[in-house]
Amino acid sequence: MSRIGVFICHCGENISRTVDVERVAAQVAKLPGVAFSTDYKYMCSDPGQNLLKKTIQEQKLSHIVVAACSPRMHEKTFRKAVEAAGLNPFLCEMANIREHCSWVHEDKQEATLKAIEIVGMMVERVKKNRVLPTITVPVTKRALIIGGGIAGIQAALDIADCGHEVILVEREPSIGGHMAQLSETFPTLDCSQCIMTPKMVDVINHPKIKLYSYSEIELVEGYIGNFQVTIRRKARSVIEDKCTGCGVCMEKCPVKKIPNKFDCNLGMRPAIYVPFPQAVPNTPVIDRENCIKFKTGKCGLCQKVCGPGAVDYEQEDTLIVEAVGAIVVATGFDLYNITEKPKGSPIKGYGEFGHGKIPDVIDGMTFERLASASGPTGGKILRPSDGKEPKQIVFIQCIGSRAREKGISYCSKVCCMYTAKHTMLYHHKVHDGQAYVFFMDARTPGKSYDEFWRRSIEEEEAVYIRGMVSRLYQKGDKIVVMGSDIAVGVQVEIEADMVVLATAVQPQKGAELLAQKLGISYDKYNFYSEAHAKLRPVECATAGIYLAGACQGPKDIPETVSQASAAAAKVMTLLSKDKLEREPIVARVKESTCVGCFACKKVCAYGAVEEKEIRDRQGNLIKVVAYVNPGVCGGCGTCQATCPSKSVELDGYTDEQIVAMIEAL
Amino acid sequence: MPTKNDLNYSYYPGCSLHASAGEYDLSTRELFKALSIGLTEVPDWFCCGATPAHNVDELLSLSLCAKNLELADQVEGDLAVACAACFSRLKTTQHVLGESDLKRKQVEKALDAPLKLDGKVKHLLEILARDLGLERLAQSVKKPLKGLKVACYYGCLLTRPNDVTNLDCVEAPTIMEDVLKAVGAETVPWTHRMECCGANFTLSRPGVVIQLTGAILESAKEAGADCVMVACPLCHGNLDIRQKEIEGVYNTHYALPVFYITQLVGLAAGLGADKLGLDALIVNPLPLLKEKKLI
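Protein sequences, first through last, are from chains A and B. Offset between the first sequence (1-based) and our numbering: plus 715. Offset between the second sequence (1-based) and our numbering: plus 381.
Only chain B is shown next, with the shape it has when bound in the complex:
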């Protein structure tokens, strides 16, 4: 569908954004609308396979992503992905099938169709920081996030492995900080922005997640952050939903709201709390945002 926007993307929300991370989906759509960036959901998309598929059957995981990439190819524009895990799986599929003729043939056989793998897969961060650009992003700011000290949390999958995602410097990225600085926020230097939160062990080994996520929250708090920003639904789940439990285990108090990147940038773009799904966050962000006069 042609639009009047100069930036247009096909959009792969992924399962989480249609379920537990509904506010990530909502804020992404609203933010892109506010920034006049076209976003068309890939018709009939389905699960990328996430962690389970590639642990069980490589051909299955590659085929799931390859089929989604093929569907995305029918919509105008590069493919915009919000979830770090979907991003990782889609990029990995492109990388693996680009390197191995054998696997490519296997997937083509499974899908019964020739593969086209040259479409670009982009994380929202890349779209904001590079395609739209920091300068235009800064111009779109209606309410600078002045005085808000944010700990940007990258997690594992956005930059790793480097030759697959090519998002930023693998161990010392700055793309999140760049985006937030462009919208007027203050970012804190901290130690655990690249550490693992425990990811989907949250269901099978919650003790591990409490330990790992606890260290991340501790480090953010120590660095003087008011809140944490993420770009991954699973990281969000661990940092936000498990926060109260972690506070109990370690007998401490963090009260660190955990925002999605689109929520914070959306706030700066002048969107209201209702359009950003702020009420869906477990650690209530409203007192902080009121204190900073951002809502």
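Pulled out of the complex, with its shape left as it was, chain A reads as follows:
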């Protein structure tokens, strides 16, 4: 015989304003099985929880119903309290009489009757609740980081410094990401490379970090604490262990004029190359598409001049499987390209800016390379078309961003600050030049950010024009910028020598494909989704996978580093345990009735359903049935709804429980 305790919460006045809680308590007390019923002002408060614990012991209660807010809010709180009082936590259920009742009704009489019904349903349900043991799974104490930009590097160093092994996978030949491309960083104008490269060296020298550069994620299997990740190491054509990084191969390579992606195609590189001199690892890679040896079979010069014999034309892609317990995704961003107008894409392109065909209209990252001391111009601001110094330069913000009609409605967050920085760098380098900025708003929240922006106007003489640009066109060697100044209400025309577009921050190309491999969700722009926008901002909804940096949304460096350290802290929490405890809300197969059709396997989004052989004592195979791996099961219940023979049920949400609730109505 169950002895059910029911606790009705006032939630201050949130519930008691519209629900007569005392009447609910009195009514529910009459239900069969209910041994105790009371109401209290704040059940979730410390005294409220103590009341719950004390009553369980005094009244020898067997099952608990807390009628209060949504279980999403406080189910964990009350189950913990119940457990502390010695009961199995899954013998406690919540009846939601706030979101489902008091908040949405006005009539107290009707709301009270409804609350009585809701609580009554949960009383019937809780009678059918079973004791569920907590599931434990082992933890592999290693972490995988995908992406070797500042986010990935920060997370890798934090986790490795804590003593755990880290596998860092980077798609490009070198780690460093976009931060390695930047000139100086806001709001302090320190040199990006100067603060970035030491961290890159720390990564390669760290005994706990294993770096796979020029590698990609091929396959992800397993679950929290127990992932198996297949990594494709792309053929570098240079053996990393043998190469000393002397650079003779790059000097001798007869192909010299391949646009270097790292320099936004402004500088040139040979066919065997490192993207930039401070690359980590400092091991060249052969660009097989442009290498004469790979195209014609002749040449082979790099192999001849390589002292240690590191060049290997026969090298092939290899697949490596690594076991890890946690994954941090830090794949970063890419900039919107105004030349693109992909078919079928909601993103419309910028025909009014000539679809990117005007050579001296560049994007922010290209300007960073021009301004960088290690860039293709040695830090001089020169036009890509003719190498002249631009005397009139126009910066245009919000290109692609905040333009719903162009397909992207979000704010890219970093452009206001980096454009202000660009005007400063320009002013420092071209003393007789004039910078103009077209902007919608200046969004500068952040420590010392607004002061920085003000400085670009007040001390560095940038002219800010509030308004947008309608058209850019080439006129002789000038670019005519036609815009509006909405503060004054006039049209503005500027003949500029160079135009810099602050184009939108987008996720890396192929971000959605990686998300599908990982089984994590992403938004309509392909930014990865966090589990909760406010309270779980660095976790994915998929357990054991965490997010860091701009792959989750546009972010500047301080924010990226903070998030990376936060993700690392989450990983370290996970790896600090020998065994993981999981909620036992998982599907369970009734093997006696399962016919082995595996309809459940087809619909399972988590890959949790396995095939299990049933054998008799002699070892003869009787049948094959479905088995749900409790470590992998996400508890969604799709299999339960799909199973034609009703042989699989979700613990805590069995048909019996649901039917009992309906019958109570």
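Quick list of the computed label-pair ranges, beta carbon to beta carbon:
1) 1176(A) / 631(B): 32 to 42 Å
2) 530(B) / 1119(A): 35 to 45 Å
3) 530(B) / 1120(A): 29 to 39 Å
4) 543(B) / 904(A): 39 to 49 Å
5) 1231(A) / 543(B): 27 to 37 Å
6) 581(B) / 906(A): 55 to 65 Å
7) 1256(A) / 582(B): 52 to 62 Å
8) 1120(A) / 387(B): 32 to 42 Å
9) 599(B) / 904(A): 38 to 48 Å
10) 545(B) / 1256(A): 32 to 42 Å
For the record, the hints were derived by calculation from the structure and aren't laboratory data. All residues carry an ideal CB built from backbone N, CA and C; glycine is no exception.
Model the placement of chain B on the given structure of chain A, informed by the hints.
Only chain B this time, still in chain A's reference frame:
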């Protein structure tokens, strides 16, 4: 009226084509005849309301167009429209009434009839470039416009707003250039093909039009064009009729003939000057066409 042609359209000339842009009407009819495209004028059509109506009374402007669309529906084929303003108003009406049930009901009440809005409204450009197709258009050429350098001028209304007209890329269209290249002409890349000419401010604020249209002519000349091609009677009026005045104001010399698209394509299809109304153009095109051996 059934015809032997495989392409047949109802035709909404609009007021301008019955008045100041008579040569646009003439050349359209002659060109379509030469291309064996059926064209039946919508019986009893009336003004679309143009710019004044929608500035004064939205219900009036929607009702005028809705009634014209209803009349057009009684003739076989999609509706062919020559004037960019009529095209814009008719398409806008379809769009607005398709999106808003309330406005649709208001218009139905005003017209005292249920609305049918699914008939297709097409600008002549779409008919030439898509329905007939560039390949068939090229096959119909008798006299390729070789050596003629044309600045194609789109104006404001053909492509904007994008989700209403759906004619081509809103800011960087190529449909005019595609048509002209198919008939052998050379098109020049230029900067002001999408800029506003000042439109009907030509009557109330001519100074504005002189400034805006002057910039367009200047840009076409700078790009090395021999002539300008348009698909809108109002643009034509500003670029052609005002040209002499603009030359005076800026003390310059353009002498850029301004053709309607049907005049140039008609020329390539072998039609004579008399059937294209070339004599109605203010900036005399004949010296240019003679120089290029096109007449």
